[in-house]
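2 protein chains.
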Amino acid sequence: MGNELLIGKTLDTNAHWLAKRITVLGLKVRRMTTVGDDLDEISSALKEALGRKPKFIILTGGLGPTFDDKTIEGIAKALDSPLKINEEARRMIEEKYEQYIREGKIREYELTPYRIKMAKMPEIAEPMPNPVGTAPGVKITLNETTIIALPGVPEEMKAIFDEYIANLIRKAAGDVTFFEAAMLSTGIVESEVAPIIDEVMKNNPYVYIKSHPKAAEKVPKIEIHVYTTAEKADVAKSRLSNVVIQLSELIESKGGKTTPIKRSD
Amino acid sequence: MGNELLIGKTLDTNAHWLAKRITVLGLKVRRMTTVGDDLDEISSALKEALGRKPKFIILTGGLGPTFDDKTIEGIAKALDSPLKINEEARRMIEEKYEQYIREGKIREYELTPYRIKMAKMPEIAEPMPNPVGTAPGVKITLNETTIIALPGVPEEMKAIFDEYIANLIRKAAGDVTFFEAAMLSTGIVESEVAPIIDEVMKNNPYVYIKSHPKAAEKVPKIEIHVYTTAEKADVAKSRLSNVVIQLSELIESKGGKTTPIKRSD
Numbered sequence: 001m002g003n004e005l006l007i008g009k010t011l012d013t014n015a016h017w018l019a020k021r022i023t024v025l026g027l028k029v030r031r032m033t034t035v036g037d038d039l040d041e042i043s044s045a046l047k048e049a050l051g052r053k054p055k056f057i058i059l060t061g062g063l064g065p066t067f068d069d070k071t072i073e074g075i076a077k078a079l080d081s082p083l084k085i086n087e088e089a090r091r092m093i094e095e096k097y098e099q100y101i102r103e104g105k106i107r108e109y110e111l112t113p114y115r116i117k118m119a120k121m122p123e124i125a126e127p128m129p130n131p132v133g134t135a136p137g138v139k140i141t142l143n144e145t146t147i148i149a150l151p152g153v154p155e156e157m158k159a160i161f162d163e164y165i166a167n168l169i170r171k172a173a174g175d176v177t178f179f180e181a182a183m184l185s186t187g188i189v190e191s192e193v194a195p196i197i198d199e200v201m202k203n204n205p206y207v208y209i210k211s212h213p214k215a216a217e218k219v220p221k222i223e224i225h226v227y228t229t230a231e232k233a234d235v236a237k238s239r240l241s242n243v244v245i246q247l248s249e250l251i252e253s254k255g256g257k258t259t260p261i262k263r264s265d
Numbered sequence: 266m267g268n269e270l271l272i273g274k275t276l277d278t279n280a281h282w283l284a285k286r287i288t289v290l291g292l293k294v295r296r297m298t299t300v301g302d303d304l305d306e307i308s309s310a311l312k313e314a315l316g317r318k319p320k321f322i323i324l325t326g327g328l329g330p331t332f333d334d335k336t337i338e339g340i341a342k343a344l345d346s347p348l349k350i351n352e353e354a355r356r357m358i359e360e361k362y363e364q365y366i367r368e369g370k371i372r373e374y375e376l377t378p379y380r381i382k383m384a385k386m387p388e389i390a391e392p393m394p395n396p397v398g399t400a401p402g403v404k405i406t407l408n409e410t411t412i413i414a415l416p417g418v419p420e421e422m423k424a425i426f427d428e429y430i431a432n433l434i435r436k437a438a439g440d441v442t443f444f445e446a447a448m449l450s451t452g453i454v455e456s457e458v459a460p461i462i463d464e465v466m467k468n469n470p471y472v473y474i475k476s477h478p479k480a481a482e483k484v485p486k487i488e489i490h491v492y493t494t495a496e497k498a499d500v501a502k503s504r505l506s507n508v509v510i511q512l513s514e515l516i517e518s519k520g521g522k523t524t525p526i527k528r529s530d
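First to last, the protein sequences are chains A and B.
Anchor point for the first sequence: position 46 equals 46 in my numbering, and the numbering is continuous, going up by one each time.
All you need for my numbering is the position in the second sequence, starting with 1, plus 265.
These are computed hints drawn from the structure, not numbers from a lab.
All residues carry an ideal CB built from backbone N, CA and C; glycine is no exception.
A hint or two may mislead.
[Said to hold, decoys possible] Simulated restraints on C-beta separations:
| no. | chain 1 | residue 1 | chain 2 | residue 2 | range |
| --- | --- | --- | --- | --- | --- |
| 1 | B | 439 | A | 94 | 47 to 57 Å |
| 2 | B | 406 | A | 238 | 29 to 39 Å |
| 3 | B | 312 | A | 198 | 22 to 32 Å |
[Said to hold, decoys possible] Taking lysine-lysine and the DSS-like style, the derived pairs with C-alpha atoms no more than 30 Å apart in a straight line are:
| no. | chain 1 | residue 1 | chain 2 | residue 2 |
| --- | --- | --- | --- | --- |
| 4 | B | 274 | A | 77 |
| 5 | A | 47 | B | 320 |
| 6 | A | 53 | A | 139 |
| 7 | B | 320 | A | 139 |
| 8 | B | 486 | A | 9 |
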């Protein structure tokens, strides 16, 4: 969330990090939306998202003290639930400023309206301590959906996610985990690889295969990724290795070559 | 668009590049949405976007020959306009394969259903030649909105945008251009900078100011960006320099320091 994303100043690494973490925790990310620091845009995007009834909606950015930090106000508007000072959040913020005094980072502090703003949230919201910065995260548990608002500063976002959210996501996902294999196909063009992928995917219903041309199609070099989600690692691994063998044989029968790709992360 | 974005495999540099280009061409990007390779998700996201009546909707990715390239089908579904083979697009694709034969990249070619797929589009669509790859871009001019579909391979997306779209955007923007200045504030925390930004923005209605804490707030280092859009460069520049002076004076009066930031691009 934020104008800096919409003017192409900042690359949205927060969405990327969250998508990867959530996928590996076993849930499926269905949509990512970026809006600016605009109350109506935030609340209408949130209402649309609530209408799709996801288990989680995670918002990042816009929790700070400045006028253009409008995320919580946008949530309040979408839920039609007025902002009130949350006493627990106010305490978290006071503790932070007292810590900054002890650390010599500030000399004194006052709970100005700008600072109090970070403690205002809808009545049903729960604040989550920010281990790295000042603004608390916010969690709102509705019937079908949990709304989570995290700061936009990446270290703060990641710290609150790992401490308070990762567990919720894993629990919601059940005992399912995500597995992946990758290979490189060279020597045949993507439109020749396409029917091969089709055939292998038809024969392997629990596996998803995606091709990524590594340059324009004129240089025939295609990364192929194979995904599955399973409760047991050995089931997933044997599914993936079967699919890799089938793909390799078919690609080689068309004159292509395949090599496995080692995962870097 | 694409599952690789939703699983956090690929960082969405296409959206970032487009946002920057469109902003500098003078239009405002209001929303960016990422969905997976799913027909219903694509068509429902497109319908929602059409409901907001923007001048342009730009889709990237999903134009290739494989089964999971579903963008054009998603557009057809949203517009309730069936897919037909576009003869101009078919010719563009044939010319590409003939070029690949001349360049020795393939030995022969056949217009398989996978290749013909790249020529199928709603009847009112116009194909745009792809200078770098095979799949043509697609442009659909409706009453209020122009829908543009570009390939997901960055070089192809950029080439078609620069050749066929940039001019349309500049024309739609009129004689308006976007200007920006940036400064670094050190020594005071964001919640002390916030009221300063508020005051300066109130005194300068055509200027937008945004603060970006460079680390958690405990390290008081804040980048401040000042934006304006204007028809004349000298008007914009004097607006920005006035605002930078006002901000610097107020920040320094609170014990902070400011330094200008040179733009790297």
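Against the structure, the hints come out as follows:
A beta carbon spacing of about 50 Å between residue 439 of chain B and residue 94 of chain A agrees with the range 47 to 57 Å that was offered as a hint. Hint check: residue 406 of chain B to residue 238 of chain A, Cβ distance near 51 Å, so the stated range 29 to 39 Å is violated. Roughly 28 Å separates the CB atoms of residue 312 of chain B and residue 198 of chain A, a value that falls within the hinted 22 to 32 Å. Between the alpha carbons of residue 274 of chain B and residue 77 of chain A the distance comes to roughly 34 Å, so the proposed pair goes past 30 Å and is violated.
Straight-line distance between C-alpha atoms of residue 47 of chain A and residue 320 of chain B comes to about 23 Å, which keeps the hinted pair within the 30 Å bound. Taking the CA atoms of residue 53 of chain A and residue 139 of chain A, the gap is near 16 Å; set against the 30 Å cutoff, the hint holds. Only pairs whose Cα atoms come within 30 Å are accepted, and residue 320 of chain B paired with residue 139 of chain A is rejected, the gap being roughly 36 Å. Between residue 486 of chain B and residue 9 of chain A, the direct Cα distance comes to roughly 18 Å. Compliance with the 30 Å bound is thereby established for this hinted pair.
Checked against the numbered hints above, the structure violates hints 2, 4, 7; every other hint is satisfied.
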